[in-house]
Structure formats: C-alpha cells, structure tokens
Amino acid sequence: MTDAAIGQGMPKAAEEPRSYLDTESFVSWLTTTDHKRIAVLYAITVTFFFLVGSGAMALIRYELTSPQGNILSDEAYNRLFTLHGVVMVWFFLIPSIPAIFGNFLLPLMIGARDVAFPRLNLASWYLNFIGGLFVLYALLAGGVDTGWTFYTPLSTMFANGNVIAAAVGIFITGFSSIATGINFIATVHLLRTEGMTWFRLPLFVWAMYAVSLVFILATPVLAITLVLIMAERLFGLPVFDPANGGDPLLFQHLFWFYSHPAVYIMILPAMGVVSEVITCFARRQVFGYTFMVFSLVAIAIIGFFVWGHHMFVSGMSSYAGVVFSLISFVVAVPSAIKVFNWTATLYRGQISFESPMLYALGFVGLFTVGGLTGLFLAAIPVDVHVHDTYFIIAHFHYIMVGGSVSALYAALHFWWPKVTGKLYPENWARFAAILMFFGFNFTFFPQFLVGYLGMPRRYHVYPPEFQTLQVMSSTGASVLALAYALPIVYLTWTLFNRDWKAPDNPWGATGLEWQTSSPPPKENFRALPAVHSAPYHYHETGEAPDPRAQDEAEQ
Amino acid sequence: MSGFELLPQQASTQAPQTDLLYLFLVFVSAAIVILIVLLMLVFSIRYRRGSAAPRPELRMLTTREFEIGWTAGALFLALFIFGWTGSVRLSMLAAPENAIEIHVQGKQWMWKIQHPNGIREINALHVPVNEPVRLIMTSEDVIHSFFVPAFRIKEDVVPGLYTQTWFKATETGSQHLFCTQFCGTQHSRMIGEIVVMNHDDYARWLREQPQPGDLAAEGASLFKALGCSGCHIGNSAIRAPSLAGIYGRLVHLSDGRTVTMDDAFIRDCILEPRKNVPAGYDPKMPSFKGEVSDGEILRLTAYIRSLKSTGPSG
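The listed protein sequences derive, respectively, from chains E and H. According to my numbering, the stretch in the first sequence is residues 1 to 555, in order. According to my numbering, the stretch in the second sequence is residues 1001 to 1314, in order.
For the record, the hints were derived by calculation from the structure and aren't laboratory data. All residues carry an ideal CB built from backbone N, CA and C; glycine is no exception. Hints may contain errors.
[Claimed, not checked] A partial selection of chain E residues facing chain H, derived with a Cβ cut-off under 7 angstroms: (1) Ala379; (2) Val382; (3) Leu453.
[Unchecked claim] Derived EDC-like pairs (lysine to aspartate or glutamate); straight-line CA-CA distance at most 20 angstroms: (4) H:Lys1284 - E:Glu75; (5) H:Lys1289 - H:Glu1193; (6) H:Lys1224 - H:Glu1065; (7) H:Lys1168 - H:Asp1141; (8) H:Lys1168 - H:Asp1200; (9) H:Lys1112 - H:Glu1193; (10) H:Lys1284 - E:Asp241; (11) H:Lys1107 - E:Glu426; (12) H:Lys1107 - E:Asp241; (13) H:Lys1107 - E:Glu75; (14) H:Lys1107 - E:Asp22; (15) H:Lys1284 - E:Glu24.
[Stated by the list, open to error] Negatives, chain H to chain E, calculated, CB over 10 angstroms: (16) Ile1032; (17) Ile1036; (18) His1126; (19) Glu1131; (20) Ile1153; (21) Gly1192; (22) Arg1249.
Whole structure, please, built from the sequences with the hints as guidance.
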C-alpha cells in the first residue's frame, strides 16, 4: 500500500489540494489512518490529560502553602500527587512531542506520504486512549496511593487504592509507545524520499529515531514489572515480598531500568524540536551536525546503564553505586555537547526573536540548569543528602517541565501554522514565552533550596521552617499556570477566526514540511520532493548567513 | 525562622565534607550557566537580524576543533568530579570500630529504636556528642528511609534486609529525623528527633530511663516501647480501639464472636491480632509473636488491667 502511494507521485491534478483537515464526519476522524489526523487526536487527549494533571498539582501547591496540612487529608494528598505523576509521565510527557509532533512531522520531514504502518498508528492512539480510561477510572473510583513509582511492597501488599486499574492503564498505554516506536523506526528506514540520506535527516527526525529505540527497548521492561505487581497484588505471587523469599529491591531495578530511559524519552524529542527552531531563527546551519547526531544516539544508549543512580541509598551495594555514579557522569557529556552546539549555532547568525525562538532559548537555559543539577545527583555523597527531597523534584522538573514542556510550546508555536493553517497573535505569544520562563524559575528554583535544607518530597505536613520557600514556589506556580493557559486560549481562538490564515512557510524555514501547503494536503505532497543538500540550508556551507533571508521571511 | 539560610546546620562529621562537594558543584554549575547565558546574550545582541556586525566565513576545521575541545573538557570535568565524590563516598562508607550500635526498626508510621543496653525509644534517638553511632536498620512492613538532614545521612530501611549507616554528631541539640521513602498514608508524620547530648546529660538520661518497678509500670513502659501507644492512644478510637477500662468487658469481634476481655484473650490479641479483630476496625495491628516474651505479656496485661476509663496517659 505504502509503496503504491510513494510510486504514484502526484495523484489527481487539482489546483487547490484539499487540506487533511477538511472533510467529512466525526467518524472519519475516529477511523483515520492519516498520520496528521492521528497527531491531532493525540493532541486532544494529551491536552486533556495535561489539564487533569495540572489540576491535581494546583490543589497540591495550594495545600503546601500551609505547613499543617489542614486543607486536604493525608489520603487525598497522597492520591493527588500519585495522580499528578502517573498522568503527567505516561499520558502527557511521554506521548506529547513524539505522538503529536513526531506523528505529524516525521513523514513530512523525510518526504513520505504517511508512516510505514498507518493502521498500527491509529491503533496506538486507541491503546493510549483506553489506557487513559483505566487511569481515569482509577482516579474517579478513589485514586491510587503509591506514588507514580509504585514501590513494592507498599504497592503490592499495603496500599488500598486502585493500584490494579492504574497498572492496567499504564500497561496498555505502554503498547501504544511500542507501536509508535516501531512505526517511526520503520518509517525512517523505509520511506525517506530521494536524496534524503541518513546524514541529511533533520535533527528532529534523528531525535524521533533515538527515542523510538528507547520506546521499544525499555517499555517492555515496564510491562513486565507491572505484570509482576499485579500478580503479587492479586494472586499473592511472592516476587517482591521478602517474607516469602521475594526481593523489594528487584522492583526498583526493573522500574528504573525503564524509568530512567523514560526521562530520555521526554527530553530527546525536546532536543530535536529546539535544534529545528534555533537554526531557523538564527538562520544558521546547526553547529556540528554530526556531533549533534551522535550525542542524541549516545544519550539514548548510555541512558540504559545509569538506572542505579536512583538507588544509591536503597540498600544496593555501595560499590555498584560507585559504578553507576561513573556512568551517570559520562552521560552528562553528550548533553553538554548539545548545549554548546546550540549556543554556537547563534554565532554569526541573523537572529530574530519570534515566540518559538524565545521558548527554545528558554529551553537551553532551563535544560542547562537541569542537566548541571544532575551532576549533584550523580555525586553520591551529595545525592545521599538530597535523595527524595525537593532538590530532586526541582531537578527533574527543570528537565521535564523547564525542558520538555518549553520545547513542546516551542513546537506548538513553530508548527501551529503548518498544522492548522493559522497564525496567532505574536505579541501575546512572546509575552507567554517570557512569562513561562520566569514563572518556571519562580516555582522551581526555591525547591532546590528547600530540598538542600532537607525537606522530603511527598510530605503533606512539614516543619514550619520550610514554609517561606514553599509559599514562594506556590506563588510561582500560579504564574506558571497562567503562562500555560494563555497559549491554549489564543491558539484555540485563532481556530475560529478567519483573519489568521497562515502562508505555507511563515518562518522561511528549510525543512521539507514547509514545502507543502499549510495545512498540508491529505497525501502530504503533491509531488514528493527530492533532497539535494544537508538540512538547515540557511546559507552556503562555510559562509555567513544571507541577510536577504530576512526579506524572504517577511514576504 | 530567623534569617534565611541556604545550608542546613552542620551537625555531624559528614556534613562539612558533603557541603564542600555541594558548594564546589554549585560553583562549577554557576560558572557554566553564566558562561552559556552570557554567550547567548552576546550573540543574540551582536548577531540580531540586520545588525551591522561582520559575519565572515566559519571554517569547518575550526568547528571540529571546538567540538573536540569541549567534548574533552566536559569529559575531563565529569571524571574529575566523579573521582573526588567517589573517593569521599568510599572513605565515609565504613563506621568506626568503636561505634555505638543502635537498632532501628521502621514500621507504618513510626521509628522504633533499641539501644545496646535494652533501652527502647519511639520516634526519638538520644545519642552522645562526638561519638560514632552505627545504625542497623530494618523494616517491619514497607520501605522507609532514615534521613537526618543536619547529619547529611540517609539510608533506606527495607523489609527483609539489614541496611546500615552511621554518623558522629558534632553539635548538641535536637535534629529532625524524617522518613523520606514514601510509605503510605501518614508518611509525612513518620518523623522523630535525634537528641544529641553531652556526656554528662547523656549519662543522666540513661539513668532516668524506666527502672524495674511494679508490673503495671513496667507494662506501661513496654506499652510505649513496643509501639502499642502509637495506635491505642488516649480515648481516641480512630486507628485502634481504646483500651481504657476495657478489661473484663464483653467485646464484639468482626467475625461475629463476642468474647470477654481477659488475660487469655489479651494474649491472643497480641500474638494473633488478625484472628481477633474487634468489630468496626481494619486488621492493621502487626503480630508481636516472637517479639514479646511471656513475661512481657504479663506486664502488658497488668498495665491494661490497671487502666481506668480515662485511658492510658501519654
């Protein structure tokens, strides 16, 4: 089928190709195999879960303004942070960039008409959706009280929440990740257009390829772990119960073998987005393309060998801990290379500061702080002190929220004209980007401080000396909430307003996705494009960028 | 809260070492962040679109040299920090030979401490200053974690496993003890204090601990030391039935039986709590089989018998 689609080049000669968005019924959306429509379906469900997870956090941050824990009960508090973690990790962050923008852009960027397995692609959305329903059921039926980490024996023998429903939901949605991973890998291998060699792939495509490797290698381990939890909880199979010969640390090894690579599932796509955006608005070829590619792949691979740094104080052998510490320090190197390269890409550019660029520059700053505080956690004596305190909360939010969510918003603004055919009010967008950067730091920087002072995470009631910093954090969170809500409002508004029609290539960007109409036709390209040069061809190799590019962009 | 501090109190020998590493990392990180932000700012201003700054050709060779340079630099820095922190960790691993050995048991949601001379405490640990203390820890139920911020020590407390950590306190005074591994409903209330005393005060404290007295008084201290008072507290009947004035009464059980609360039944309740659940309560109480001797059950029974309906004091 796909072969036929490629071989035929240009179907029906029509002057105005129909956009993938117009047509037909509601049912046609639910039965679509068009990667672009599936991306939109994902966008709707992911946004919904983002709102659910944020709502839980709003209550938590409100509660933490007071040290006495007098707004929520202990039970309610524990169930809310579990909900926040489960929903944000598996139903927001992991599918966000890969399943929305990966699905939408991957075939466009390599000059293909669809992904390799379009029906599998639709199936992956349904799996994600069904998994989400289980988690929503778990929430409505009273919640889960284990934390998103499901540590045993708490989750298998002591917790009284709906652990099984949540585990089933995550188990199912895991298969949606695996399906997406298989699809992306096959698509990149099989469907690149003429002249699109591996080292002409845009870095976003490389990021999707790297993340797909992690999807298919790590997610099965999560599935196995969840099955073992269910077996112990439902049937008393003593896998983790020490009283019957099980090992509670086994769970942590299995869980983090998935969940550490899962962090890279969240950050690799963000790195891909930022590489696209910074090159476009600096009008530069990316600095050190091959180093950027190899560092993406290196992060994906080395990321599989660092899980033990979550377990320095778990009772695992201290000598094993030292080895994990070494590998964790090494994995910081490729991330550092990427930060240096993004910065160097600005050098001798023609830089402009539209909203996607502001989000992307914000990403570089926040990711740098997140990455550097990762060094603190790889340093065992420091980790012993800050493990399971607010320091670690701040660290991974700098990566996942400061990093991934900033990149998600960069992607949203950068490709919104392509996806919807609409522009948006640029000044509002710039305001939201700047507000997000400050709101984020305002929320999470105090958490580094309160963490080093010793406040443990997951504490409903806490000693009063930590209150000042917690109140600061909660105040920042309300600014951050506003910064997240604003784009959702004005972007939605542009959908219903005829005046914001976007040109095909509003940024003067070079990727293949910009060579088709906005929004693209159902078959992506009228004639499949051929590629003759490296990506980010904003100027001749070895030359300064062409100042005239500015004029082109404005026309 | 007086003043605004960025480091918690340094109250153990490990604390200054940990803080030194921490401050070094803060310094290195700040330097890198400032470098990156400064470069981004300078480039953004100098090479803003349409500026007059010259943009001559950038040779490929230069690019490669830069890449190799900062890759090697980052790797060197990472390995240097690893070497330093790793050696600090290994040097702090083993407790000194002469350390006082304290046994710690975590359970939902309290810390049970036993001193070498048999003294027991709940949610508190009294130690002398400037003496190494080794903690040997295990859990009765889920995983907990023993964290004393002022000492910069933390180690998980795992069922079925004995984990260890140690400290040598350098300051007298009371310090927070937190559980940092999420352990269920009242995780944030599983806290305690480490009381560091000078040698005279510590000796006095040891002397003041309950001396052998009449059975009920011994039962009362056992009642506290075993953790019974954590749930069977006062007249509150929320987590567990109040024991005030219960001796000799009829009790309804969840399986429909009605029994008289006498010596034999109290013994059954302590050893087989899950077979004797009073109506309206969850079978939460752990079995004390193997943990209490017959003599101790006798003392506990004497104590329960002595309780009037005002309830256990404390």
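Checked hints:
1. The criterion of a C-beta within 7 angstroms of any C-beta in chain H is met by Ala379 of chain E, whose closest approach is roughly 4 angstroms, and the hint holds.
2. A distance limit of 7 angstroms between C-beta atoms decides the matter here; for Val382 of chain E the minimum to chain H is near 5 angstroms, and the interface restraint holds.
3. For the restraint placing Leu453 of chain E at the interface with chain H, the shortest Cβ-Cβ distance is roughly 5 angstroms, inside the 7 angstroms limit, so the hint holds.
4. Between the alpha carbons of Lys1284 of chain H and Glu75 of chain E the distance comes to roughly 16 angstroms, so the proposed pair stays at or under 20 angstroms and holds.
5. Between Lys1289 of chain H and Glu1193 of chain H the alpha-carbon distance is near 28 angstroms, which puts this suggested pair outside the 20 angstroms criterion.
6. Restraint check: the Cα-Cα separation between Lys1224 of chain H and Glu1065 of chain H comes to about 69 angstroms, which exceeds 20 angstroms; the hinted pair is violated.
7. A distance of roughly 28 angstroms separates the Cα atoms of Lys1168 of chain H and Asp1141 of chain H; the hinted pair therefore is violated under the 20 angstroms criterion.
8. Simply put, Lys1168 of chain H and Asp1200 of chain H have alpha-carbon atoms about 17 angstroms apart, close enough for the 20 angstroms limit, and the pair holds.
9. With a C-alpha separation of about 12 angstroms, the suggested pairing of Lys1112 of chain H with Glu1193 of chain H holds against the 20 angstroms cut-off.
10. A C-alpha spacing of about 18 angstroms is found between Lys1284 of chain H and Asp241 of chain E, which places the hinted pair at or below 20 angstroms, so the restraint holds.
11. Restraint check: the Cα-Cα separation between Lys1107 of chain H and Glu426 of chain E comes to about 56 angstroms, which exceeds 20 angstroms; the hinted pair is violated.
12. Of the supplied pair hints, the one linking Lys1107 of chain H and Asp241 of chain E holds, its CA atoms being roughly 15 angstroms apart against a limit of 20 angstroms.
13. For the given pair, Lys1107 of chain H sits about 18 angstroms from Glu75 of chain E by alpha-carbon distance, which is consistent with the 20 angstroms threshold.
14. With a C-alpha separation of about 61 angstroms, the suggested pairing of Lys1107 of chain H with Asp22 of chain E is violated against the 20 angstroms cut-off.
15. For the given pair, Lys1284 of chain H sits about 59 angstroms from Glu24 of chain E by alpha-carbon distance, which is inconsistent with the 20 angstroms threshold.
16. Listed as a non-interface residue, Ile1032 of chain H fails to keep its Cβ farther than 10 angstroms from every Cβ of chain E; the least gap is roughly 6 angstroms.
17. Under the 10 angstroms C-beta cut-off, the non-interface status given to Ile1036 of chain H relative to chain E is violated; the minimum distance is some 5 angstroms.
18. No Cβ of chain E comes within 10 angstroms of the Cβ of His1126 of chain H; the nearest lies about 20 angstroms off, and the non-interface call holds.
19. Chain E leaves Glu1131 of chain H outside its interface by the beta-carbon criterion, the shortest separation being 21 angstroms against a cut-off of 10 angstroms.
20. Taking the minimum C-beta to C-beta distance to chain E, about 7 angstroms, the non-interface status of Ile1153 of chain H is violated against the 10 angstroms cut.
21. With a closest Cβ-Cβ approach of about 12 angstroms to chain E, Gly1192 of chain H is found to remain outside the 10 angstroms limit, as its non-interface label requires.
22. At roughly 30 angstroms, the least C-beta separation between Arg1249 of chain H and chain E is larger than 10 angstroms, which holds for a residue marked as non-interface.
Violation of the numbered hints given earlier is confined to hints 5, 6, 7, 11, 14, 15, 16, 17 and 20; the remaining hints are satisfied by the structure.
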